[in-house]
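Colleague: Sequence:
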Amino acid sequence: MWTTLRKTIYFLAGSLVLLFGTTSPGEAQPPQFSHYQYTPLQVNPALVGTSSYATAITDFRRQQYAGGMAFRTTLLSGSYPLFNRATKQQVAGFGLSLLDDRTTEFYSFQQLNLNVAHPIQLGPMQWLSLGLQVDYSAKRLSTDGLTTGSQFLPERGFSPGAPTGEFLGNFSADFFSIHTGAYWYRLDEDDRQQAYAGLAVYHLNRPNESFTGQSSPLPMSVVMTAGWEIYRQQQWAVRPEVLVTHRGGGSWLSAGSMVQYELQPGNRRTPATTLDMAARYTTGQSMILSIQWVQPQLVFGFAYDVPLGAGRMQPNPSRGAAEFLLAFRKPVEPKNKKRRRKRSAKKRTKSSANRTTARRAPQPQPSGQEPTSTPPRSVAPNDSTALAAGAPSERGDTVAVAADVHRRHGFLQAGHLPESVLFGFNQTEVVDEQAPALEAVAQLMHDNPSLRLTLVGHTDNLGASEVNQQISEARAASVKQYLVRRGVAAERMTVEGEGERSPKFPNTDSALRSRNRRVEFRFVE
1 MWTTLRKTIY
11 FLAGSLVLLF
21 GTTSPGEAQP
31 PQFSHYQYTP
41 LQVNPALVGT
51 SSYATAITDF
61 RRQQYAGGMA
71 FRTTLLSGSY
81 PLFNRATKQQ
91 VAGFGLSLLD
101 DRTTEFYSFQ
111 QLNLNVAHPI
121 QLGPMQWLSL
131 GLQVDYSAKR
141 LSTDGLTTGS
151 QFLPERGFSP
161 GAPTGEFLGN
171 FSADFFSIHT
181 GAYWYRLDED
191 DRQQAYAGLA
201 VYHLNRPNES
211 FTGQSSPLPM
221 SVVMTAGWEI
231 YRQQQWAVRP
241 EVLVTHRGGG
251 SWLSAGSMVQ
261 YELQPGNRRT
271 PATTLDMAAR
281 YTTGQSMILS
291 IQWVQPQLVF
301 GFAYDVPLGA
311 GRMQPNPSRG
321 AAEFLLAFRK
331 PVEPKNKKRR
341 RKRSAKKRTK
351 SSANRTTARR
361 APQPQPSGQE
371 PTSTPPRSVA
381 PNDSTALAAG
391 APSERGDTVA
401 VAADVHRRHG
411 FLQAGHLPES
421 VLFGFNQTEV
431 VDEQAPALEA
441 VAQLMHDNPS
451 LRLTLVGHTD
461 NLGASEVNQQ
471 ISEARAASVK
481 QYLVRRGVAA
491 ERMTVEGEGE
501 RSPKFPNTDS
511 ALRSRNRRVE
521 FRFVE
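Note that the UniProt record's numbering has the sequence shown beginning at 1, numbered continuously upward.
Calculated directly from the structure, the hints in this document are not laboratory data.
Since this is a predicted model, take the numbers as computed values, not measurements.
Just to be clear, a hint being listed does not mean it is correct.
Said to hold, decoys possible - Here are the computed distance ranges between Cβ atoms for each label pair:
#, residue 1, residue 2, range
1, R72, P506, 46 to 52 Å
2, E262, T87, 28 to 34 Å
3, F176, G320, 30 to 36 Å
4, L130, T494, 56 to 62 Å
5, G248, L114, 23 to 29 Å
6, R140, G248, 18 to 24 Å
Just so you know, even glycine gets a beta-carbon here, dropped at the ideal spot from N, CA and C.
Turn these sequences into a full structure, and let the hints guide you.
Modeller: This is how it looks when you write it as structure tokens:
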């Protein structure tokens, strides 16, 4: 008897809320998940354009209310990036998700989302992603399972199979929605997000969600997100985050911080294994506590919403929410990248063979005789002692030139000369740390007026190839300007940029990438 009455009360209360609207952020529209970083279509349509991973995600959330009522929400989603084969840069991201939201046996909400986003590189390691999303939603309010007094028969009591004596009918609403978003983000040299800011607008077309056929347009929703990594030292990182939702006549702020501990280091090809812990406070609602175990290809997560403040004072207060996350991800590379690597490997093998031939020490000249004349050649200075002996460089560069040629041009008098100067991440201007090496090069040019110098700039492989080409040229030009200020004639120097095409070391981690960001010196007799 009490169970039947309680179901009737829930149905009547839910009907009023769903038919005439609600101000609750969790009931009027599909919910935002506590693991919102892994449920991008619920936060910003542009987010699918920010990752080079193919993903498959499932998230289950149970929101418990007083009296036994609960919202059970299940999300299945996937995304896939698209690359330009010529430039090797990501040009789009596609997303698909299916949402199912239910409360008891009366109300259900299903939604199918289709999403596309396009990333635009604004500068070195900075991008802006623009996204568009279309979804189809279906709401159902069922009267099945309700009972009336007509089912209480004299002398027999309650009979579930007896006619109800009423025709309540079933209610439904179907509609399409259009959403859009923009998302700016900046990466560090290991492809980790250092900072981000996003803005999304949902229900641009304001579809009619009424069960009764009357006009009841959904209000537009605005979602803003932002985060900034303020600390990273060894295995630890801290990133404050904020999420603001404005819907109808109300706004909600969710603010907190994520603390990350690195369990196993990674590199650009293999992400690190981390433990991500977060705490966020939602104004007037709850405290959200979450933890994610992030592996290179798997993510496990759990979150719990602890009701606080006004969330416990509502007529039907929340008893908390538990959420479980499981995500699969796999990096996607341009289809012809492996083929390019094979060609590069063959090219390196051939180049290595040529270098071995070039490193043969010159034949000694008869006593008192000048060295035989040779055509102009490139000289990459390294350790002066090794050069004087005609030995190859420890770094494997072609530096085998006769010792007397080096002496004639004053290499020994110039002291230790580097073969290049290194630059910091995104650095294009000469700094004080590079001055000693450049002063030695300037002195060498002053002592040998016949020498000419080619400055060749290089970068690592982070960022767009077009931007890297510009950075490499700017680095070489900056070194040339420095030498001109030191009295070296500009016409004795030429500038070239190789971009990311000629790495000296594999671009597999930050330490090796830092040695590829350089300007090489190539002296010509």
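Colleague: Determine for every hint whether it applies to the structure shown.
Modeller: Hints, verified against the model:
1. The given range of 46 to 52 Å is respected by R72 and P506, whose C-beta atoms sit roughly 49 Å from each other.
2. Distance hint for E262 and T87: a CB-CB separation of about 32 Å, consistent with the stated range 28 to 34 Å.
3. Remark: the range hint 30 to 36 Å for F176 to G320 is upheld by a beta-carbon distance near 34 Å.
4. For L130 and T494, the hinted distance range of 56 to 62 Å is not satisfied, since their beta carbons lie about 41 Å from each other.
5. For G248 and L114, the Cβ-Cβ distance of about 25 Å falls inside the hinted range of 23 to 29 Å, so the restraint holds.
6. For R140 paired with G248, a C-beta distance near 22 Å keeps the hint of 18 to 24 Å intact.
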